[in-house]
Amino acid sequence: MAIMDAAPSSDHDLLRRYAGGDARSFEVLYGRHEKRVWRYLQRNLRDTALAEELMQEVWFSVAREAAHYRPSARFSTWLFSIAHNRMVDALRTRRFHVSLEALPADGDPAADALVAAPQYGPQAGAAALQLSAALIRAVEALPHEQREAFLLHVEGELTVDEIATVTACTFEAAKSRLRYARSRLRGLLEEYL
Amino acid sequence: MNATPPPDDAADDLDSLYRKGAARDASRPSARTRQAILDYSSRMAARRLDAQQADRPHPREDSRARRGLARGVRPSGPRWRQSLVVGSLAAAALAGVLIAPQFLPLAPPPAPPAPPAAPPAAGPAARQAAVPEPRASGPALQAEAPVAAVEEAAPRRTAAVPALPAAPAPAVPVPATPRPSQDAPAVSASADQVAPAAGAPASRAAAISRPPEPERAPAATDSVDARDSDGRTPLMRAVLQGRLDSINDLIRRGADPNAADFAGVTPLQAARARNEREIVEALVRAGAR
Chain A
0 MAIMDAAPSS DHDLLRRYAG GDARSFEVLY GRHEKRVWRY LQRNLRDTAL
50 AEELMQEVWF SVAREAAHYR PSARFSTWLF SIAHNRMVDA LRTRRFHVSL
100 EALPADGDPA ADALVAAPQY GPQAGAAALQ LSAALIRAVE ALPHEQREAF
150 LLHVEGELTV DEIATVTACT FEAAKSRLRY ARSRLRGLLE EYL
Chain B
0 MNATPPPDDA ADDLDSLYRK GAARDASRPS ARTRQAILDY SSRMAARRLD
50 AQQADRPHPR EDSRARRGLA RGVRPSGPRW RQSLVVGSLA AAALAGVLIA
100 PQFLPLAPPP APPAPPAAPP AAGPAARQAA VPEPRASGPA LQAEAPVAAV
150 EEAAPRRTAA VPALPAAPAP AVPVPATPRP SQDAPAVSAS ADQVAPAAGA
200 PASRAAAISR PPEPERAPAA TDSVDARDSD GRTPLMRAVL QGRLDSINDL
250 IRRGADPNAA DFAGVTPLQA ARARNEREIV EALVRAGAR
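Taken in order, these protein sequences are the chains called A and B. Following numbering that gives the first Met the number 0, the numbering of the first sequence begins with 0 at its first residue and continues without gaps. Following numbering that gives the first Met the number 0, the numbering of the second sequence begins with 0 at its first residue and continues without gaps.
Among the hints, erroneous ones may be present.
Covered by chain A, per the in silico footprint, the following chain B stretches (three or more residues, Cβ under 8 Å) [unchecked claim]: (1) 13-21; (2) 24-35; (3) 38-45; (4) 253-259; (5) 268-277.
These are calculated hints, taken from the structure and not from any lab test. All values reported here derive from a predicted model rather than from experimental measurement. Heads up, the beta-carbon is just placed ideally off N, CA and C, and yes, glycines get one too.
Can you build the whole structure from these sequences, using the hints too?
Here's what the structure looks like:
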């Protein structure tokens, strides 16, 4: 069958080879990032059908734009910026059940009410019997901007600077969102930590 | 409301805790979504590959040449040696034409046979007479002479055409005559690509507009070539999944190796895009183009 290099290739190399017509390189690249992009979309949207749809759109974009990609930034930054933009577009155009305007801002008391809901609170984590499960639930309960900043950091491994670039906000705003997210998560998981 | 952000202590613990949980999380997109993504990427790769290969000699030619060598087909040798031998023969024929008339008046009526005195138009016959073992070198060289004009565009093509020496070499470099379709599919396809390139300017359009493909297996049954919603046949799906056994089986059952999907991608293009060498060879053997 196909002969693949023994040494793992960088994302840039794989994308370059794919742009040259090597479909197997795309498969490797997709395999590397599939779950992380999926979790980013699913936990932000909390809608599996929409996440599936956006997952296709994101990777279709990668396939289409591969020939034009220039490695001025990390591949994951590029990838998650596509995912972020697709998600924002979908939320705006499809009138998703939670509109961007309705999403709570940092420090909004409405966020407290949201994360205090029984289905997302520590009780749910206790029912899951695992701290990690409780944490994932808590992440899904975060306000949109905090959740996205946190997911871009832990799933996309983006730095604060890169998060600011992807989400089109200032460095300080991105840093603040990340801190609030962590603080809120620690509060939610207090009984486990 | 937006007071000073809280301190970011123990951030690493929280991040690593999340990542540990995520590593145990087996959720992923559905198989249908994954397949749609990979299919789309394969089609895009095939298109790019096609666009690139339209501007350069087809790599299939190399593999054919290698297969020819594996079957024991004699390589044509260095080009300088070909030129030397062809030049020597031409010089000998010319010398025969110029010198023989001088000896003819001196010779008695039962003059010894003077094959070199043959008229120039009988060049191939004279050369064959001069060379006792025509099949050893002469005809092969003659056969390569017209093809050499297109060898720039298709290197080593002649090595894969063992049937050529049997045909008489034309005196003028006319385009190669159409070869019988009973040749092996790989050879026929190669010859088909030579003809337009030699007779017309080596333009990209000429290379793309190939003559009709030699006969292939009779029309396949509906079940073998049944298409899905994207126009993909079972053979195309097997190529996308890299299943060589299924591909061979489908080919044996008469599947159309050139059935393109609705996006215009053929199984051979998809296999090339996936860098599946064995599958590419199997498809080429089946007449895929």
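Can you tell me if the segment 38-45 of chain B counts as covered by chain A, using C-beta to C-beta distances under 8 Å and a minimum of three residues? holds (count 6)
Can the segment 268-277 of chain B be counted as covered by chain A under the rule of three residues or more with Cβ-Cβ separation shorter than 8 Å? holds (count 8)
Coverage criterion applied to the segment 13-21 of chain B (partner chain A; beta-carbon cut 8 Å; 3 residues): holds (count 8)
With a Cβ-Cβ cutoff of 8 Å, does the segment 24-35 of chain B contain at least three residues near chain A? Since three or more residues must qualify, the claim that chain A covers the segment 24-35 of chain B holds, with 8 doing so at under 8 Å.
Cβ contact check, 8 Å cutoff: the segment 253-259 of chain B against chain A, three residues minimum: violated (count 0)
Checked against the numbered hints above, the structure breaks only hint 4 and satisfies the rest.
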